[in-house]
Every structure is written in C-alpha cells, then in structure tokens.
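S.K.: Spelled out, the chains give:
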Amino acid sequence: MVLYAKIPNGPLENKWRNYQITSQLINPANKKKLNVIVVGSGLAGAGAAATLAELGYDVKCFCYQDSARRAHSVAAQGGINAAKNYQHDGDSVWRMFYDTLKGGDFRSREANVYRLAELSAPLIDHYVQQGVPFAREYGGVLVNRSFGGVHVQRTFYARGQTGQQLLLAAYSQLYKMKRAKKVQMFPRHEMLDLVVIEGKAKGIVVRDLTTGELKRFAADAVVLATGGYSRVFRLSTLAIGCNGSAIWKAHKRGAFFAAPSFTQIHPTALPQTSEAQSKLTLMSESLRNDGRIWVPKKKDDDRNANAIPEEERDYYLERRYPSFGNLAPRDIASRAAKERIDAGYGVGRLKNAVYLDFKHAIERFGIEIIKDRYGNLFKMYKKITGVDAYEEPMQISPAAHFSMGGLWVDYELMTTIPGLYAIGECNFSDHGANRLGANSLLQASIDGYFVLPNTINNYLANALKEDHPTTEHPEFEKVEKEVAAQINKLLFIKGDKTVDHFHRELGKVMWQECTMSRNKEGLEKAISQIQKIKDAFWKEVNVTGGHHEMNTELEKALRLADFIELGLLMCTDALEREESCGAHFREEHQTSDGEALRHDEKYSYVSAWEYHNGNFKLHKETLEFANVQPTVRSYK
Amino acid sequence: MKVTFKIWRQENAKSNGGFQSYEVDGLTDDMSFLEALDHLNEILVGQNQKTIAYEYDCREGICGQCGVFINGRAHGPLDNITTCQLHMRSFTDGQTIVVEPWRAKAFPVIKDLVVDRSALDNIMEQGGYISAKTGTAPEANAILVGKDVADKAMDAAACIGCGACVASCKNASAALFTAAKINHMNSLPQGKQEAHRRVLEMSRQMELEGFGSCTFTGACEVECPEGISITNIAEMNARRAMAKWHNL
Ligand SMILES: Cc1cc2nc3c(=O)[nH]c(=O)nc-3n(C[C@H](O)[C@H](O)[C@H](O)COP(=O)(O)OP(=O)(O)OC[C@H]3O[C@@H](n4cnc5c(N)ncnc54)[C@H](O)[C@@H]3O)c2cc1C
Ligand code: FES
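Read top to bottom, the protein sequences are chains E and Z.
Using my numbering, the first residue of the first sequence is number 1, and each one after it goes up by one.
Using my numbering, the first residue of the second sequence is number 1001, and each one after it goes up by one.
Simulated from the structure, these hints should not be mistaken for lab results.
Treat each hint with caution, since some may be false.
Said to hold, decoys possible - Residues of chain E clear of chain Z, computed beta-carbon distances all greater than 12 Å:
no.	residue
1	E13
2	A158
3	A239
4	P309
5	R313
6	E318
7	Y321
8	R340
9	I367
10	N457
11	T471
12	E480
13	W538
14	E549
15	E588
16	Q590
What the hints assert, rightly or not - One-sided excerpt, in silico: chain E residues whose CB lies under 10 Å from chain Z:
no.	residue
17	A82
18	H126
19	E137
20	Y138
21	G139
22	L168
23	Q184
24	P187
25	G386
26	V387
27	Y390
28	K478
29	H547
Treat the numbers as computed from the prediction; the structure is a model and nothing was measured.
We treat Cβ as the ideally placed atom computed from N, Cα and C, and that holds for glycine.
Work out the full structure, taking the sequences as your base and the hints as a guide.
M.R.: What follows is the structure, given as structure tokens:
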C-alpha cells in the first residue's frame, strides 16, 4: 500500500490556503444531519468538539475522567509557542517552522510543520479572547520567554499553569456548546473499540465506568483525541489514567501506527525514590531559563550540594553545548544527564538525579523576580520533597513524557481508515523524532480548533450521500461481543498477581531498553521479555470485582493489556530503525563525540506499521525536503 | 511504617455504606497517601477481595480529580494541598486514619470514596465561558490587560474544581468555586460583555444544584489547594448586586 499524505500543491507558504480553497464545503442546513464522535476532551478533543458544534455538526464527546476539565492537558506547566515576534528578536513563521523541523531531526513533513507555525499566531489571539489570563507586562502587552532548542522568545504562559488555563478555556467553550444542545458530553465513558463498516469508521463501543454497561455509538466520522501513551513505561509524567487503548484498538482495526518508538524523555522530572512510586512529577522546562544544571566533578560525592564549591561542579550542558547551554533540546539534555548518572556522578538518595540550581539567578535578579516567575513550581517542589529550592538546588532526573509517535495521519489528519481522524498527541504529525518544548499544547490546539474543522468537511460532504450508520448494524453487535469476551476473560483468570505487578514489570523492561539509548541486543531481549510478560499476564493476573459495576481494577487491566502489545510494537520499531535521530538514539549509530548519527539516504521516511494477526508490517512514507536541506542537528 | 485505615465502603449510590478497618504494614514515609491506598488495594486483590474505589488522575495536584476526607479534613491534615500531594510522612507510625468521601447533598456517592461532582460542571455550563467562536478573535495585543488585572484573574482562575471547598463547608456551599470562576472572567476585558448575565446565571444554577449558602466561616480557603481567597465570595456578591441593579 502506498501512503498518500495528500499534501496540497503550491509553494510552502500557500499550501494551507490552497487546500482551503479547493476543499469541499457543506451547506449549514446539512451539517446538522451529520454526527461526529470525538473521543477525548483535552485541548485537541475539546477544541475540536466545540468548534465542530459551532459549525453546526451534531457532536458527542467522551472522556474517561469525571469531567472534561481534567484531561491531562491540564497538567502542562511551561507554555505554548507562537510566532508572534512580539519580542522583536527575529522570529517569524519561517524560523518557527525551521526550528520545529530541525528540533524533530528532519523526520516530519515540511507541509504539516509549516502549517503549525503559520496558525500559531491566530491561536494566541483566540485563547486571549476566550479569557486565558496569560502573563502580561506592566504596560498590558503579552510576555514571552524561551524554551529549549531555540534562540528566540516565543513562549506564552499563564504562571506555571498554562495547560490548565488553556484547557479551562477549551472546556468552557465545550460547555457553551453543550448548553446550546449541540454537544452531548459523556464523562466517565471509556472507548474500548472502534467499529469499522465497509472499510469506514462508523462508531465506537464504550464502557460506562459508573455502571460497567457497554454502550454503542454510531456516527458519520470518528475523531480520536486521546492523548499520549507514555504510561507504557508506567513511571512517567502522565496522568495515571492516560492510555493507548483507543488508538491501539483502532490500530488493530486497520489504522497504521507511525513511529511508535519515538518517545520524549523529559530532562527535568523529580527522581524516583521508591518501588511503590506511581508517577514522576514534572518540573517545567521553563526552569532551565534561569536554573543551571550540574553534577559534582567527583564521583559519589556525598557532600550536601551547597558544600560543593564552584570549581568542583561540572555544568555539563554548558560544557558540552556552549551555544545552547542549559537550554539544549530535551533529547540532548536527557541523554547528557543519563550519561553523567550512568558514569557514577548522579546525586540524591538513589544516585539517579542531577542538580538544577537557582543560586546564580537569585543573586542576579533577586528572589522576588524568581518567585514571580516560578513561585508555584518551587511550592510544588517543596510539597513533594519537603525541600526549599530557594535554599538548595533541586534534584531532577529524566522521565518518560511525550509520545511523538501515534496513529499515522495525512495532511487532513485522517488515519488510514477513512472517516477516522487522530488529533493532538495521539497522532504522529508535526514533531518528528523529537518535540520542542511548548509545541505540543500548540499542536493539540491547532489540530482541534483550526485544522480538523476545515478538513473533515472534505470527507463528510460525501458521507451526506450515504445512509447514516446505526448501532443495529451486525458489525456493532460483533465488536461489542468481542469487547465483552475480553472483559470476561480477564475477570475469569483469577490468578495470583495484581495488574500493577505486571505494569511494573513492563515498565522496567521498556525503561531499560526503549528510552534514551537503545541497541539491537537490548531491544531483541526486550521483545522476548515482553512476550513473556504478556503470556504471564493472561494466565496469572487477578482482577477482582465484576463487570457491571464501577471497577477501577478492571479499567487498569484493560489498559495494561493494550500497553503490553503496544510495547512490543515500540521495540519492534526501535529495532528496525538502524540510525539515530532525535529522541531515538541507537548506540550503534553515533559520532565519535557521542552525538546522534542520522542516515538520511536510508531512513528519511516515516515508519507506518500495519497490524496483521499479531504481526507488524512496515510501510514507509518517504519524506521529501523541498524547502530546507536536512543538516546535522548541532546545538554546540 | 504501619497504620490502620478506617475507610468508608459503599457498593453503589443506592446501598448503605459503612466503615471498614484495614491494618496496613510495609508503608514508607515517602509514599504518597494514594500510593499507600494502592498498596492496600494490592493486598486486597491478593485476598480476592474487591478493591477500594477512590479517584485520581494527574497525581500532581492540578486535575482536581482526587479528594477525600481524611481525619475530618478535606484533603487531609495539611493546609492548601490536594489528596494526591499528601505523603505518609504527615502521619505517624501506628496512627488510625479515617477516610471518607466528600459529604454534600449535591455530591452523591457513586461508590466507596467516589462522588458525583457533575453539579460543578452544571454551574460552569450556565455562563462560565466567554462567547467567542473559533476564528473571531482580534489581535491578542489589541486589547491591553494590566499586569495587576491579569494576575488577579489568574489567582481566581487557578481553581482546580476538586470540590474541597464544598466538602469542608458546614453548609456545603459552592460559593468559593462559583466566585472564582465568575471573578476570573468578569475581571478581564474580554469577559465584560457578558459579565452581568454570567454572575446571575451561574449563581442561580449554584442554588438550583442544592448547594447551601455561604455564611463566611472561611473553612473553604484553608482547604483550597490553590489557596483561593474568600474575598472572592464578597466580590461575587458585590458583582451580583450590581448585576441585579443593572437588570432592574
Ligand atoms: C506534565 C506535563 C507537562 C507538559 N507541559 C507542556 C508544556 O508546557 N507545553 C506544551 O506545549 N506541552 C506540554 N505537555 C504536553 C501536552 O500537555 C500534551 O501533549 C497535550 O496537552 C495533549 O493534549 P491532547 O488533547 O492530545 O490529550 P489529553 O489532554 O491527554 O486528553 C486526552 C483525552 O482523551 C481522553 N481519553 C483517553 N483515552 C480514552 C479512552 N480510551 N476513552 C475515552 N476517552 C479517552 C481523556 O479522558 C482526555 O479527555 C506536557 C505534558 C505533560 C504530561
Ligand atoms: S490526582 Fe489530580 S489533583 Fe490529585
């Protein structure tokens, strides 16, 4: 099968406009006859559901939390990028496009990335109008700061709670449309499978998490906006409920999965301190604007951080990457931290951390300015660790954070199943092999508010001519039976191990072999270990409680069953790509000074995997660079 | 570390609930409170028993999904944090820890420690937004917003919607929640057009949902994880009086 990305004609700057000029429109009177299902209520899902409803479609929106306002977008701290050039520091759409493409190590599509940069400025206008209290100068204009991997200040933020404020804006618009009776909201409903009829996505099967009842919903198109899947590592910066189930089930029903192994490991999370730990809390990357990262020059140095004099500190990012220093991109900063920790210079109780120090910034700007910039992050740090970071440096450590990979989508954000769209973090689109900080709130929002509402018409215009699907169709019956069978199977195993036990096992293997540096032997070992975990899980797990009630244990088991299979695909993907690019660092492919070595002649493609009876078949979408020349990504 | 959890168990909304005690060993200081409950649940699975239902998602104090009453206080013994941010180092070895769901008429229990807080969404639906269709916004810097105004709006907007204010109030009032949202939007220039409608409609819905009225005890601001001040309630009342007068 040839993957057709549907990139519009014309020069880069005109592609989106050309697309809009030529795409089909639907008469407003007809839009209300069309139903769209949106799974997810994060920035991507809520933005899409609200906007589609404003346009006149009949929308149903689902999330697993008790309220749409709790989608994990809420947790983003640092900010959102836009090429406004308010700081007069040489920013432009082109520069943002280039930074993003380069940040992704030239493993994404030019046309998509350009559109992302192009639509970023109007997005800020949009959020301001919806009431997002972005940080302001005394004169009343918007403030910006920088994020890793760029030389300009283009990040907008609302204290350390940017994601929360953007999500509340999107959620408020969603509820505005609910009040207008154009959106029906289904919180505490989890999508467990996709229904495909005659090759087209026509609905979903969900479990009502309050009652356990399985329900069917039919629609003319289905949009997945279910967020990232880094909980496959168990310990991550994601919310506990984040899952890969919706996209995994879609994958098994025919949607190709692109670059599954491209995972961002964030350099500044709080370190793991015990086996019982359920999550790693992120400390925003914005801290790297003013904080300096270091480890002691001496191995196993047990002195208190403040007792280590300046000349005995190794500011390794500043040393290795003098041009970007502490603001080196995430993949580079994480790998550099891992290198120091593995070499025995780690600090903290488990020697798995590095220092992030504000001493110099406080001396330079005064404590009040630092409080104004990061006050709530310092407060959060104190709550969790009991340590005052105004007095001594923070301890931070790399953690699984973001899935660049996801369902393969074309320029219209449609997957390989007609009528099935994937938006936000759950697709593979703009970030390539590594995402720049503050670009993913942007991508989720742009996908939901601006792109999908303009591209879905092109498909729905034809759907108008077809019969509306109904949940009486035998395919719905069949899919619901399969879901019920899987649930019953899990409940009847009655083994002697908990779901969490298996999740810890999976997490360990994945973290060890499929994160910051990977190699052939390790990945092959991981695949066989995960296979064993899978067999053991289906024989030995114990899921107590029943099907027809609220059962959080069952929810966890269903999610884990999918994570295990997804883990297999991630390792398979990492194994296949015999090069290093962005976050994907294969030890066999590095330069003499330990930097990533790309092989453009062979691997300048997006890997898109097809599911076939438990096996994965690779398809390639060749990437063409007509406007920029892929260069070696140097931050030295 | 070893503690005794005394936990409210309730099969579903219709059944009667009651406390059950569990002695739990093998805990450590740096476990979070929810990790201690996870640990208990793994023990229960080992005994083939149903696990205890409690809520969480982000586990970093921002989503607002967690929240239980611990030894008589919303979100436990510390001021201004969420349940998920509470650590076992705040308890002592051998202590008995009583855990209950939020108690409020407007928050019916679904199961064990899980309650239904959709009443808060219903309040938001009645005007907790600025009517601005996608694609209609002016240039962001065209309308200036002073730093003091933006900061004050942000103070109110920080609400995570956990419901601790309701749970800790003897009248089960949702005044702090509602006030925070109204003041966030009404203080920004973008929110001014609908300011009067917003305050009237949202506060009316608050009453319809069965929340009690506020008598300014101040209990809510102590438990609010974001430390949202009760001066917000006075401000809401003033805005409401003005809106009524305006609508005369
Ligand atoms: C701690 C943290 C900090 C971050 N900080 C930043 C930052 O500063 N800047 C930045 O740009 N990006 C940041 N990111 C990344 C960014 O927040 C996310 O990529 C983005 O918010 C994802 O949005 P989304 O709408 O795709 O998904 P989400 O917001 O995760 O929403 C997913 C939705 O899908 C629903 N869902 C999931 N599975 C199912 C299912 N099976 N059935 C039904 N519903 C389901 C959920 O209920 C939820 O509503 C951060 C991420 C994390 C984890
Ligand atoms: S779990 Fe999100 S606030 Fe506690």
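S.K.: Could you run down the list of hints and mark each one as holding or not?
M.R.: For each hint, the structure was consulted:
no. : hint : in the structure
1   : E13  : holds, 20 Å
2   : A158 : violated, 6 Å
3   : A239 : violated, 4 Å
4   : P309 : holds, 30 Å
5   : R313 : holds, 27 Å
6   : E318 : holds, 29 Å
7   : Y321 : holds, 29 Å
8   : R340 : holds, 24 Å
9   : I367 : holds, 18 Å
10  : N457 : holds, 14 Å
11  : T471 : holds, 25 Å
12  : E480 : holds, 23 Å
13  : W538 : holds, 16 Å
14  : E549 : violated, 7 Å
15  : E588 : holds, 37 Å
16  : Q590 : holds, 34 Å
17  : A82  : holds, 9 Å
18  : H126 : holds, 5 Å
19  : E137 : holds, 6 Å
20  : Y138 : holds, 5 Å
21  : G139 : holds, 7 Å
22  : L168 : holds, 7 Å
23  : Q184 : violated, 13 Å
24  : P187 : holds, 7 Å
25  : G386 : holds, 7 Å
26  : V387 : violated, 12 Å
27  : Y390 : violated, 18 Å
28  : K478 : violated, 31 Å
29  : H547 : violated, 13 Å
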